[in-house]
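Peer 1: Order-wise, the sequence lines are chains A and B.
Just so you know, we're using this note's numbering here: the first sequence kicks off at 281 and counts up by one.
Just so you know, we're using this note's numbering here: the second sequence kicks off at 41 and counts up by one.
In short, the hints are calculated from the structure, not lab data.
Treat the hints loosely; a few may be bogus.
What the hints assert, rightly or not - In silico DSSO-like links for lysine-lysine, alpha-carbon gap of 30 Å or less:
1. B:189 with A:435
2. A:542 with A:488
3. A:427 with B:189
4. B:184 with A:393
5. A:488 with A:427
6. B:189 with A:369
7. A:427 with A:393
8. B:184 with A:435
9. A:488 with A:393
10. A:369 with A:488
11. A:369 with A:409
12. A:393 with A:409
13. B:189 with A:506
14. A:435 with A:409
15. A:393 with B:189
16. B:189 with A:488
17. A:506 with A:369
18. A:409 with B:189
Unchecked claim - Pairwise CB distance ranges, derived in the manner of DEER restraints:
19. A:432 with B:277: 21 to 31 Å
20. A:375 with B:264: 51 to 61 Å
21. B:136 with A:369: 46 to 56 Å
22. A:478 with B:110: 45 to 55 Å
23. B:58 with A:465: 46 to 56 Å
24. A:481 with B:202: 33 to 43 Å
25. A:316 with B:264: 53 to 63 Å
26. B:295 with A:465: 22 to 32 Å
27. B:285 with A:465: 30 to 40 Å
28. B:280 with A:364: 52 to 62 Å
29. A:364 with B:202: 24 to 34 Å
30. B:44 with A:432: 24 to 34 Å
31. A:527 with B:45: 53 to 63 Å
32. B:278 with A:454: 37 to 47 Å
Nothing here was measured: the structure is a model prediction, and the numbers come from that model.
Think of the CB as a built atom: it goes at the ideal place given N, C-alpha and C, for glycine as much as any other residue.
Take a look at the letters that make up each chain.
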Amino acid sequence: MNLMPSRSDLKVEAAPAAKPAIPMIEIDHVSQVFQTSSRQDHLALSDISLTIDAGAFVSILGPSGCGKSTLLYIVGGFVNPTQGTARMKGSPITGPGPDRGPVFQEFALFPWKTVLGNIMYGPRQQGVKAAEAESQGRALIEMVGLKGFEHFYPKELSGGMKQRVALARTLAYHPAVLLMDEPFGALDAHTRTRLQNDLLNIWERDRKTVLFVTHSVEEAVFLSDKVVMMSRSPGRIKQIIDIDLPRPRRRTELLLDPRYQKYVVDIERMFDDAGDDGLQP
Amino acid sequence: MTLRALIARLAPLLACLGLLAVWQIAALALNNDSFPTALESIRAIPAILDDKEALINILASLRRMAIGFGTAVLVSIPLGLLMGRSRGVASFFNPLLMVIYPVPKAALMPIIMLWLGIGDLSKTLVIFLGVSLPVIYHSFEGAKAVEEKMLWSGAAMGLSAVERLTRIVLPAALPEILTGCRTGLVLALITMVTSEMIARQSGAGNILFNALDMGQYDTVFAMIIIIGAMGICLDAAFERMRQRLVRWSEPQFDIPLSFS
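So here's chain B without its partners, still in its complex pose (with noise of 0.2 Å):
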């Protein structure tokens, strides 16, 4: 392995440790007890491991967000697809994504609870509608773009509309469609947080607000490094599948540049 490509592999671990060291004297600098470093808050780690009550909190959140996440791209690619191939699903359900787009998902949340209460529905709701819309609007922009003469070619061959909705739109939309779902699993952890710093009940917000309640910084911080990594490990997990899914639409060689 050149060297290059060993830089390049360990980028990411550097990108970590240096984030670490500027928090490190960030916070030795600034002295301030909200303000932990960031030894003091990796060492707080373990203890929120390996409180069983603890695990279960944030066992709790991930089962959320996977409910969440999952049912919203089951009803959004569909939806999208067909409003990319039709224009009259596209005009009639545009306006009312649109009005919905830019409310932060989590400032429904209090409606939501009025409504369902604070148990697990009104957050998983609450994670369904984050993620909708980024997988809509992708899955829809993708569906568009498919080229018109592909789906010639398979009317040609036979396949039914539904089928070429299925068959066709859909694996040619497929990148697009994975970059959405990906923008989408970032949206779920960030609303499965908010919507749990609004209903305290349970899961990894919870012990988050409420070590903030109790000015346990530490515990504080070590809960963004866990929600963090999560994050980090969800979106690696994804784009291995992703990239495996939609290989044939990637970059085949990499052309060695002069210039760079």
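Chain A extracted, bound-state conformation (with noise of 0.2 Å):
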């Protein structure tokens, strides 16, 4: 399925001349095997192709078992495809890199650093100063509102909290896109609420490059320029939505906006026909 000819063939086109032409992902037919623990083959991904602008916000929504976290991975290099390459500004992606910053669900904050040291760690690897570092991470924790948490250790957070420590890590070391694999899956309603609103505002402030893996359809409307819908077994794209919704977004506003409850609804029927019935193998 070909859903994007134009704009491949723009790229064939421009890329020599000129660079904003380059895309800042391209996920060039890309499938992904796994064996299963019973020794047979499992294709997890199916012959996926997409593009990501630079600057925009891009969420991958489907079933779960559709293969959205490992298309994030193959992005951030932790897993290398079984057929076709993903690139980032035009080169191919071979493993992970500083350029492309994850966010887990899982956190992953370092337990025996401070929410000051965990923030510190990505700019002192890459030979920042340790004065310069505490001062861009004190600002960087006031960002997320942890703004008196700075010598706490991750165990004694709340799962917002980490998560907030998390972002803020990852964005301490200037990463040009962020890859969120569900990061707030974990949370509770209201803290997901406050993490959304809160992961607009500061990425309304420099646009950065967001791929964001959920299964949320509310989540992936209310962030996106564009949701890419998966289907499962095998996972393949089953269509690309442009949310053509006014930024910045509020979310009482939103709430109230017929053409947002039209997005919701329209992609809440794909997804039913996704294969989210927990029958399929």
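Two chains, two separate frames, one set of hints: put the complex together.
Peer 2: Here is the structure:
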């Protein structure tokens, strides 16, 4: 299924001449095969092609088991695709790197480091001086609303706070792309909405490229410029929906906006067809 | 300080006094020459500690123990961590370790003495072997349990494989590693004494077993008290260091429960 022929044609024509034509991320006919525990090949992703422009907020939405996280891991360079290539600014992705910063559902904070220590870790690794890393770290802590918690250990924080730290830790080393793997999936509904709002506020300041994996339709529509709807068994792109809603987005306004409601309902219907019945192998 | 907190604080002291009391009563009841009372044994301690030669013996023991323990920890932690992160390394070393693990290290002493003599080297090697296995095992388990996504986060920050091992796996596994080291410390003391039982020449074990041969039972039990006290002190010192190093992993609050 070739969903975006015009875009890839454009790239071929314009790439040598004009820089802006090179997309931030290109996923080019990527397939991923896993071996199951019973030694059978399982096709997790089947021939995925997707282009993500610089500064776009793109959500990958789909039922569990559709390979949406795997796709994110391939862009992160954590997993090598069985077939096809992923490219970042035109060059093939061969491994993880600080230009692509992950934020995981599991937070994955360094438990032996304080909040500040976690956030300073990346910049320090890249040779930023301690004093500078600290002042930047403190600014980030303030930005994610954790002022006063600088010297707390992850163990002492709630789930929402941990995810704020994880976001700040990734932002601290200035990745060009944020890779968010169901980042709010482990949080309660209230905390989740608050973090969505805060993420949008932060994003609207510097408009980083974001690839956001979620299984929540509302979350995807609320946050994204573009929603990539996936279906499973095997994981395929079902449809790409442009979310044409004005920014900055206010949650309370959007909830009343019929356009928002239509997006949610339309995508939810698609979701029902995407195989989330839990019955398929 | 509440009464409850006071009792909690004094509990170790009370336990020691209780043990001595039971010992005293049992010895009086049995009235056996080879079982001196607690008081008789305690009275024999100053004589040992005043004797310069005995002190040199005990210090020699401690020195061997420190060297054996230290080298074992230095070798075992990296090996355990590598095993925990690499399936190849693990499947190579696991069978070897499983063969060595159940063998009492002191039982190897006679063979090692044949190779290396009855000097320091043999005894230190036995201590080394005794300490290594629990430290390797716990480092291995600790490294295996490190959350995968933590390593991914490190990789995204640009940490190389070696840096991920030393700067993520090592600190993340530290609580588990230190549990292994604590077991190793106790085993170091045990193998120290047993190695000196087999290769008499010097050391705390030498004093103990010579006294046993000569029927000086108060000295025997005094040495048992001294070795026991050394164990308690070493363990307490280690525990203090451990708590300082892994404060981040300890539970933060003691919620006062309404039941217990």
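Peer 1: Compare the structure with each hint and give your call.
Peer 2: How the hints compare with the structure:
Annotation: proposed proximity of residue 189 of chain B to residue 435 of chain A holds, straight-line Cα distance about 17 Å (limit 30 Å). Distance check on the hinted pair: residue 542 of chain A and residue 488 of chain A sit about 27 Å apart at the alpha-carbon level, within 30 Å; holds. Simply put, residue 427 of chain A and residue 189 of chain B have alpha-carbon atoms about 26 Å apart, close enough for the 30 Å limit, and the pair holds. Proximity of residue 184 of chain B to residue 393 of chain A is assessed by CA-CA distance (about 20 Å); at most 30 Å being required, the pair is judged to hold.
With a C-alpha separation of about 24 Å, the suggested pair residue 488 of chain A and residue 427 of chain A falls inside the 30 Å cut-off, and the hint holds. Among the hinted pairs, residue 189 of chain B with residue 369 of chain A is consistent with the structure: their alpha-carbon atoms are about 25 Å apart, no more than 30 Å. Pair hint residue 427 of chain A plus residue 393 of chain A holds up; C-alpha atoms about 17 Å apart against a cutoff of 30 Å. Between residue 184 of chain B and residue 435 of chain A the CA atoms are separated by roughly 20 Å; this keeps the pair inside 30 Å, and the hint holds.
For the given pair, residue 488 of chain A sits about 27 Å from residue 393 of chain A by alpha-carbon distance, which is consistent with the 30 Å threshold. A threshold of 30 Å between alpha carbons decides the hint, and for residue 369 of chain A with residue 488 of chain A the separation of about 14 Å falls inside it, so the pair holds. Between residue 369 of chain A and residue 409 of chain A the alpha-carbon distance is near 29 Å, which keeps this suggested pair within the 30 Å criterion. Annotation: proposed proximity of residue 393 of chain A to residue 409 of chain A holds, straight-line Cα distance about 18 Å (limit 30 Å).
For the given pair, residue 189 of chain B sits about 27 Å from residue 506 of chain A by alpha-carbon distance, which is consistent with the 30 Å threshold. Annotation: proposed proximity of residue 435 of chain A to residue 409 of chain A holds, straight-line Cα distance about 27 Å (limit 30 Å). At roughly 16 Å between alpha-carbon atoms, residue 393 of chain A and residue 189 of chain B fall within 30 Å of each other, so this suggested pair holds. With a CA separation close to 22 Å, the supplied pair residue 189 of chain B and residue 488 of chain A stays within the 30 Å bound.
The hinted pair formed by residue 506 of chain A and residue 369 of chain A meets the criterion: a straight-line CA distance of about 19 Å does not exceed 30 Å. For a cut-off of 30 Å, the pair hint linking residue 409 of chain A to residue 189 of chain B stands: about 26 Å separates their Cα positions. The hint said 21 to 31 Å for the Cβ distance between residue 432 of chain A and residue 277 of chain B, and at roughly 29 Å that hint holds. Range check, residue 375 of chain A to residue 264 of chain B: about 59 Å between beta-carbon atoms, so the 51 to 61 Å window is met.
Between residue 136 of chain B and residue 369 of chain A the CB atoms are about 48 Å apart, so this pair conforms to the stated range of 46 to 56 Å. One distance hint, 45 to 55 Å for the beta-carbon pair residue 478 of chain A and residue 110 of chain B, holds here, with the actual separation near 49 Å. Restraint check, residue 58 of chain B to residue 465 of chain A: a C-beta distance of roughly 53 Å satisfies the suggested window 46 to 56 Å. For residue 481 of chain A and residue 202 of chain B, the hinted distance range of 33 to 43 Å is satisfied, since their beta carbons lie about 39 Å from each other.
With their beta carbons about 58 Å apart, residue 316 of chain A and residue 264 of chain B fall inside the hinted range of 53 to 63 Å. Range check, residue 295 of chain B to residue 465 of chain A: about 28 Å between beta-carbon atoms, so the 22 to 32 Å window is met. Judged by the Cβ atoms, the range 30 to 40 Å given for residue 285 of chain B and residue 465 of chain A holds: they are separated by roughly 33 Å. Against the hinted window of 52 to 62 Å, the Cβ-Cβ separation of residue 280 of chain B and residue 364 of chain A comes to about 56 Å, which satisfies the hint.
In this structure the hint that residue 364 of chain A and residue 202 of chain B lie 24 to 34 Å apart at CB holds, the actual value being about 31 Å. For the pair residue 44 of chain B and residue 432 of chain A, the supplied restraint of 24 to 34 Å holds, since their beta-carbon distance comes to about 29 Å. In this structure the supplied range 53 to 63 Å holds for residue 527 of chain A paired with residue 45 of chain B, their Cβ-Cβ distance being about 58 Å. Checked against the given bound of 37 to 47 Å, the beta carbons of residue 278 of chain B and residue 454 of chain A, roughly 42 Å apart, stay inside it.
No hint from the list above goes unmet by this structure.
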